[in-house]
Each structure stands twice: as C-alpha cells, then as structure tokens.
Amino acid sequence: MNLLIFQSATADKSLKFSNTKAMWKNYLIVSFRNLKKRKLYTGINLLGLTIALVSFFVISLYIYHEWSYDRIYTGADRIYKFNQEFISGGEKQLVGTTPSSLVPTLIEEFPEVETGTLVFDLSIFSSVMVDAGEGNQEESRFAFVDDNFYQVFDFEILAGQKGKLLNEPNQLVLTESTAKRYFGSAQNAEGKSLKIDGQEYFITGVMEDFPSNSHLDFDFLASFKTHRHGRNPEWSPSNYYSYAKLRPESNPKEFEAKLPMMVEKYLGEAQKEYGFQTSFFPQVVTSIHLGDQTIRTVKPGTDIKYLYIFGLVAILLIAIGIINYVNLATAEATERNKEVGLRKVMGADRVQLFGQFVSESMILSFGAAALSLFVIYLVSPQFAKLSGAPLDLNLLFSIPGMLLLAGLVLIIGLLSGMYPSVILSGLEPIKALGNKVKIGGGAWVRKSLVVFQFFVSMGLLISTFVVKSQLDYMREVNLGYQREQVIALPYHYNMRKSIDAVKQEMLRTGAAESISLASDMPIYIKAGYSIFRGGDNQNEFMITGYSVDKDLVKTIGLEILEGENFLDTDLSRTMAYDSSMEYPVILNESALQQLGWNAGEAIGRKVNFGGGMAHVKGVVKNFYFNSLHHGVGPLAIFIDPEQANVLLLRLPAGNPAVHLARLEQTWKEMAPDRPFNYKFVDQEYAQLYRSEERVGAVFGLFSGIAIFIACMGLFGLVSYVALRRTREISIRKVLGATQHDVLSVLSADFFRLLGLAAGLAIGFGLWFTDAWLAAFANKASIGIWPYLYAVLIVLLLALITIGYRSWKVYTMNPSKTLKSE
Amino acid sequence: MIQLKEIDKYIESRFQRVFILKGINLTIGEGEFITLMGPSGAGKSTLLNILGLLDEDYAGEYYFGDKSIRKMKDKERSSLHKSEFGYIFQAYHLIDELTVYENIETPLLYRSVSSSERKSIIADLLDRFNMVAKKDLFPAQLSGGQQQLVGIARAIAGRPRVLLADEPTGNLHSGQAREIMEIFQELHAEGTTIIQATHARENADFGTRLINLVDGRIETDEAIAK
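Line by line, the protein sequences are chains Y and D. Numbering of the first sequence is given in UniProt numbering, commencing with residue 1 and proceeding in unit increments. Numbering of the second sequence is given in UniProt numbering, commencing with residue 1 and proceeding in unit increments.
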C-alpha cells in the first residue's frame, strides 16, 4: 500500500527549476534561525557592517557633494571663470581676480562668448553696514554683480522680474534667508529699500539661497552700476571675478588662443612701460572648487587630495567590515561542519550549499543596510558640522542612491559569504560529521585578514596623530609677533574723524595697551604691490603691502632690526600725492634680500613702491603673515589710514572679559552706529587651518571607527578560539594554570599578528608623514611619539578585548565544561 | 546490483600501512537486507561509507549496476548518490535549526521535487510514522526514538533504492529499537535494499543475510533462515 506513494511520485526531472523558490525559502528560514541562535556572532557582524556602511555612505555623500560643485547651472561646462597671471621681475603670480574691463571686452569682441558677468566680492576689502531702519548691522557677504549675472548663473528668482533685477544703479537682490531675516518673507522684501554703508538700495527681487554646492555665496547682490567702476570699466585694478559663458558650438581652445591678442591690444603699452607681462586663463567653473587652491575664489575650495584620502578610508572601512564577517564565519565553521556534512550526505551540491551561506550573509548585509540608513539619518547633521558640507540625504534615498546601496549590499553579501561557503562546502562530509575536522586550511587567510584590519586601524591612528602634531605646531609656533590678547575690531573709513578720539579714550580707560589701524589682521595679509629699487624698473617684483599706523609695531610686538619705527610726523602713502614726495616704508628681511641689500645699507635707500616713491625707514624681523603652508615672502609696511579695515588692540594682562566690557562701553558711546564685533587674532589665526582641522577631525573619527570594528572582530575571533579550546583551557586550569597563563595561551598568536600589523602601519605612517607634510613650508618635527602612541593604544585595546574574553573562559567551572566532552 | 572487487582501505603511517579494509569482495543483489556485524574497529562504518559513495579514497573496484564508480564523472557520481542512496545514523544527525517537517523536506529540495509532490510525500511519511502532530517541533523537543523515526523518514523521502544505516538503534532502548527494525522490514518488503551495520545480534534476524567483519576482512557471509 505504501509502495503507491513512491510510484505516484516517479522522478520527474523537468521540475528542476520549479522549486528554486522553495529552496530559497528554506535557505532563508535556516539562515534566520542560525543568526538568531548565535546572537553574539550576529550582533558583532551586524554592528560592524552597519558602522562600515554608515561611514562609507557618509563619506560618499560628502565626496559627491564636493564633486557636484558648480555643476548645477545650465551649461555649466561652458561657463568659465578668468584667472590672471602676472609675470614681473621673473616672478609669476596667478590670481583669481581680473580688471573690470575684461567682461565687457570679451562680450564685445569675441563671437564665442554668449554672455558674461562680473562679480565684485566686497568682502575681500571690508564688510558693509546694513541699516533697515533700526540700527546698523554688519554684513560681510555682499557683492556687486552686473545685469548678466542671472543669464550666466540660472539661480531661481523667488520674487521680482528676471531681466530687470540689477540693470540700474542702487538696485539690490537679497537671498531668501536674508529677505526673511530682514523682512519676514521674500514677497515682503520686494519693493522695500535698505541703507547700506549710507547708500539707499531698492530691493528689486529675491533669489534662492546660494546652494551649498555653488562656489558663489552671498547674502546681498547689488547692481555693479552703483559702483564707480561699474560705470567706467578699466584695465586696472584687478579686483573682480569675471565669468563668461561660451556658445555651445564654440571651441574653448581656439578662444583661449585668441586671448593674448586682446591683452596686447589693451595692455601692450602698459606692459612695456612697467616691465610686466600679463595673461588671462579661462577655468571651467566645475573645476574651481577642487582645482588649484591658491587661486582666490568667493568660497575656499577643497583640496582634491583629501577627497582621494577619504574615498580610500571609506573603502578600507567597508573592507574591515567584510573581513570581520569572513573571519567570524570561517572561525565559526568548526561549529557548523556537522550541518554542512549532513546536507551533503542528503545530496546538497556545492552550489546549493553556497546558496545557503550566501543567503545568510545577504540577510546580514541587508539588515546592516537598513540599519545604516537609519543611522545616517541620525548622524548627518553632526557630520555636516564636522566636515562643513551638508549631506544630501535625498540623494541617498533617490533611485540611483538606492541602486548603489543595493549593489553594495549584494557585493558585500557575496564577498563575505563566499569564502566561508567555499571552505565549508569543500569539507569531506564524513569527516565533517565525525566532528573531527579542524578548519585549518583557512588559518593563514584569517591571520592575514586580522593583520590587515589592524594595519588599517593603526595606520589611520598614526595619520591622525601626525595631522594633530602639525596642527598643534602651527597653533603654537612663534610667528614672530604676539597674537595673544590682541583683538581686531572692524574699522570703516567713515570713522576717520573720530578715530583718534576713540583711541585716546580707550587707552585712557586702561582697557587697551596699544591700538593700531591696519588693513588686515597680521595673520593673513592679502594686498599685493609692486616694488623695485629706485630707478631700476627692470627688476620689479611683487611684494605684500601692509598699511598701518605708527602703533602697529608696539601693538603686535614686532622687532625692528635696523632703522626705526614710524613717527607721528611721517607721511602716509595717500598724502604723498605727488611723485616728488617720498613716504617711509619698513621692509622685512625677505624684501631686503630680494632687493639685494643688507640691513645696514638699506636704511634711507629709495624704492619705487606701489607706483610712488618711498624710502626705507626701518627693517623688521621676518614674521609669518600668511598660513604656514607658505614661507615668509617680502613685505612692506607703510602708513595709510585710508586703507584701514581693522583696529588692532592689545589688551592688558588679566581677564579679557573685563577689558572687553570696558572697550564696548567706550565704543558704544563714541561710535554708536558701528557694531562692536571683535575677533581674537589668535582664534582667527587658528581658522586659517580649518581645512586641516577638518581633515584631522575626520581622520580621528574614522580611525576610531576602524579600531572599534577591528576590536569587535578580534573579540569575536578570540571568543571562537576560546570556545574551541574550552576543554584544553579547563584541563590546564585543573592542572593549576593561572589567569595569566590562560590569557597568554589565548593571546600569544594574536599578538604576533598585531606586531606584524604594527610594523606595516609604521611603514605606512612614515610615508604618510612625508607626503602630508610636503604641503607645508613649515613642518612640525614628528618624533616617534605618534607611532608609539598609535601602536600602544591599539595594542592596549586589543589586550583588553582578549583579556575580557579570557577572563570569562577562566572563570568557567571546569567540571561543567569537561563533562560535556 | 552492487559489486565490490578487492577493496582495500588503509592509512599510511610512517613505517607501514594500517589496513582498515583488506580484500573485500562483495556482491549485493537488489532487494537484499544485509546486516554487517563485527567488533568495534572491524571496518563496518568504513564499508558503509564506501558503499554510499561518501568515501572515495580506497583501492579496488566498485560497480553499481554495470558501471564502475571510479570511471564516473563527479556529476554522475553525485547524481547517483542523490537518487539511489538514503542514510540513517546512530546519532540521528537531524539539522537542529529545522523542524521535523523541514528536516524531511530537505533532501527533496536538493532533488528538485515539485512543491505539491513534496507536500504529499511528507504528509504520507508523517502519517506512516504517526508524527503528524509533531511536524512543527524541533529535534531537541523529540525523544531519541522519535528523532530516529524522523531520520528514517528523511532517508526514504527521496525514494532511494539503497538504504544505508550505521548503528540505527545504537542510541535507543530495546522497545524503540524493535520498532525501527520492523519499519526496516516493511521497507524491505516494499523492495528497498537495506544494508545496516550493528552490534546487536537480534537486529540481524530481521534481515536476509549476515556478514561478519573482523579486522577489515569478511569472516563469514551467510543467509538468515526465516
């Protein structure tokens, strides 16, 4: 009777594929139950993969954001910014700004140019005072642009009529958030007016906020026609950003080749007369943000080197996550060989077993992906703060983003499931069933993976410490002047009548020891001038100029080597209005060297400086007036209150808050229409290294993550080793082994691996130190400490990990563990 | 059906070969119920593994029907293994993570049996062994005898022509052992060839032929009188 069943079910081979679904269902059920059963193992893997995925996507989004800069405009690949190169006295200088005549000339004379626009970023020089009827507010993101601006850059106009926004003098466009700030809404702002630096502007429209991935970034755009140079374009000075959009059919190369002819036509004579050469280079806007970082743009860019480094870090972290899985899964294979053997006896072939293991790793990687999306959502604001770039989560949740995620998850699942399944399905079933097997074959793979993980962890940590050493060095280095206890207040030309009285009062109250007007804070002096020995105009070169008053030397503590400081009676540069009048300059040692004089013979010599005659009044010891990426170039200090933008004040010793409160009181009484927005010079100095600071922070964060994942993996691995050797350890314990003996039994192997990883990481660290510090003219001396600390920290964490595990094994009751055998 | 010629199985040690099986010649006809007996280490399990294609590391010739196993390709061998053999173990060897139902289903999945057919086969087997109520339990929730019933159900689910059983009753008490043997007898009556290895003389009485192995050799080979 029972025979009937079998006959009715005569084998039908055509059903081969009809039940793949059932097969997968079976895989999934078993996988789920397996994962549930081994909670520690599942937890470690899930957490490791999740952290790795979060890091990967956060970094990817960041890189994408940086890459996407300026690709947002229609025809972005046809929009060019123009940079200008000066060659004089054998010195080359590439600057990001051009003369105001460039754009009109390009539009007029070059058929390739569809349209062009000019942007005059006023913040290069100073901030503006905005009065909406209730007192002045200082604003720094103010620019003049010409009427073609929106034809080149198609930002969205929220209020007002496109094409009629900035055609006439005294017109103003606000960004949305600025409009909200001043008027509550974009619609409210249109048609109103604002007084800026005493000039009345009419708001003709409101535009969207500049997207975070645009290199342009302003709050106020005023019509360039308001500005003197907007009405009469000139070929000097070069203070303006110029952009042109070429026609789609034009050839950019041919266009560029024609530019020298234009220079010859308009600047040929001036070049001959003053012995300089200049040329203009178009740079496609999409390359601005990641391009040459020495060229000035509205917003500081990102060194593409860092994107490569971060990309590498992202891939390394994913690799570490996968390695955890592979290591644990193979280690755990010893426990599962029975199941595998059985399945083989029942007729499973390798492909089917492969499906089983891969489905398990797939479940984990999908779980990790889901979890990581949630975590990314939570951490993205924090990361944005750290990296300075907002993360576009919409991008992640878009179809391509999801496809990338799915692809990555498949690859991770496949990679991490493959190795264990190959090892396990290759076992001979009968041996596996007998529980006699030791998964020995994969040992060296597992070992090299552990080495790799710890190599990466230690390497990242060493890099973090090196970056930190250089940052500390730059923060603490003696710059050649005193930047502590010095504050800067914004100064405006319209304060010129009252400034002396303000200074006197502040000194009188004792809230300031010394006060000087200056064109810039000494941390970063920007203005460039030309200089040559009197009468020798063939050896002209570029020099940085610092316009100040006589109190600067005292205020920031400069050291005069030869000659003397300025006197009250000395002429300012602007007062030397006719060329027969000489004004005094103080030069630094670098300038002297380039002029070919030594300190003694320089005093009283004549130089042609910035187009006027001057004589050397003093020689000042070199001090750093730029970020430490650069050395100390030539510098000329001269008196010119008309160019002053800041008031530098040295505070007396003691609590700065007390002095500041008194200064503010004086300021409010004597300059009521100027805000009291002080900045500490040493804090601003630290800001120069913001991008390095970020790199340091990001390195620190991700090396922490790498160490965490690696230690988790180590914990899992040690757990399995401990499990496998429970019996051995119990016997040792019965024979009198101490806890220390147990620890050394479990850790000896691992520490040999960690030693190897440390060796490799130190090698990498040496290379990294060299490569990274190459970007600084002034390098910290890196001793052995970063290496030693990194290795010791990681070793210590590994020891704790192993120690914890071995302690748990040690405290097990041997009578229990031995009975089960 | 099965013919073994001069099968040797040995382990090379440093100075000599240690034989586990030596010069085994054995012909097994379709429908026989053979019992392998002998002391521990006599080679019973090794012989079963070789018969069941689980061990390919031996010298000598093995013919299944008229085909030499050695000359088969991997694929042929594995499909022969899948379609013709079922296994029963002393320690049951059920998969702990699967329920009774799923354990029985597993070999069917590997054999690409359609879903409806699987259901009917498993339903019949559960019914036959009185395990319908236990189909959703996990192995750890069953007694030893019940686990072995599942093991048998799993072994015969794929309708093998040859059933190999290594000490199937070794972990069971006598009542349960007897029940298992009666099922073997029933299967035998339905035409299945059965080869079992056992220590228990009383089990041999259910079979048709008794082979005694001593030190890797066949000592006696006799028919069991009914």
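Hints are computed from structural coordinates only; laboratory data are not their basis. The structure presented is a predicted model; accordingly, all values stated were derived computationally and were not measured. A few of these clues could be false.
Among the chain Y residues that face chain D by a calculated CB cut under 8 Å, a handful are [what the hints assert, rightly or not]: (1) Ala22; (2) Asn34; (3) Lys37; (4) Leu342; (5) Val345; (6) Met346; (7) Val351; (8) Gln352; (9) Gly355; (10) Asp392; (11) Asn394.
Here a beta-carbon is modelled for each residue, glycine too, at the ideal position from N, C-alpha and C.
Here is how each hint holds up against the structure:
1. Ala22: holds (6 Å)
2. Asn34: Status holds, d = 6 Å.
3. Lys37: holds (7 Å)
4. Leu342: holds (5 Å)
5. Val345: This hint holds: valine 345 of chain Y lies near chain D, its Cβ roughly 5 Å from the closest one there, short of 8 Å.
6. Met346: Holds - the Cβ of methionine 346 of chain Y comes within 8 Å of chain D, reaching about 4 Å at its closest.
7. Val351: Where the cut-off is 8 Å and the nearest Cβ of chain D is about 10 Å from valine 351 of chain Y, the hint is violated.
8. Gln352: holds (6 Å)
9. Gly355: violated (11 Å)
10. Asp392: Violated. Min distance 43 Å.
11. Asn394: Because about 41 Å separates asparagine 394 of chain Y from the closest Cβ in chain D, which is outside the 8 Å limit, the hint is violated.
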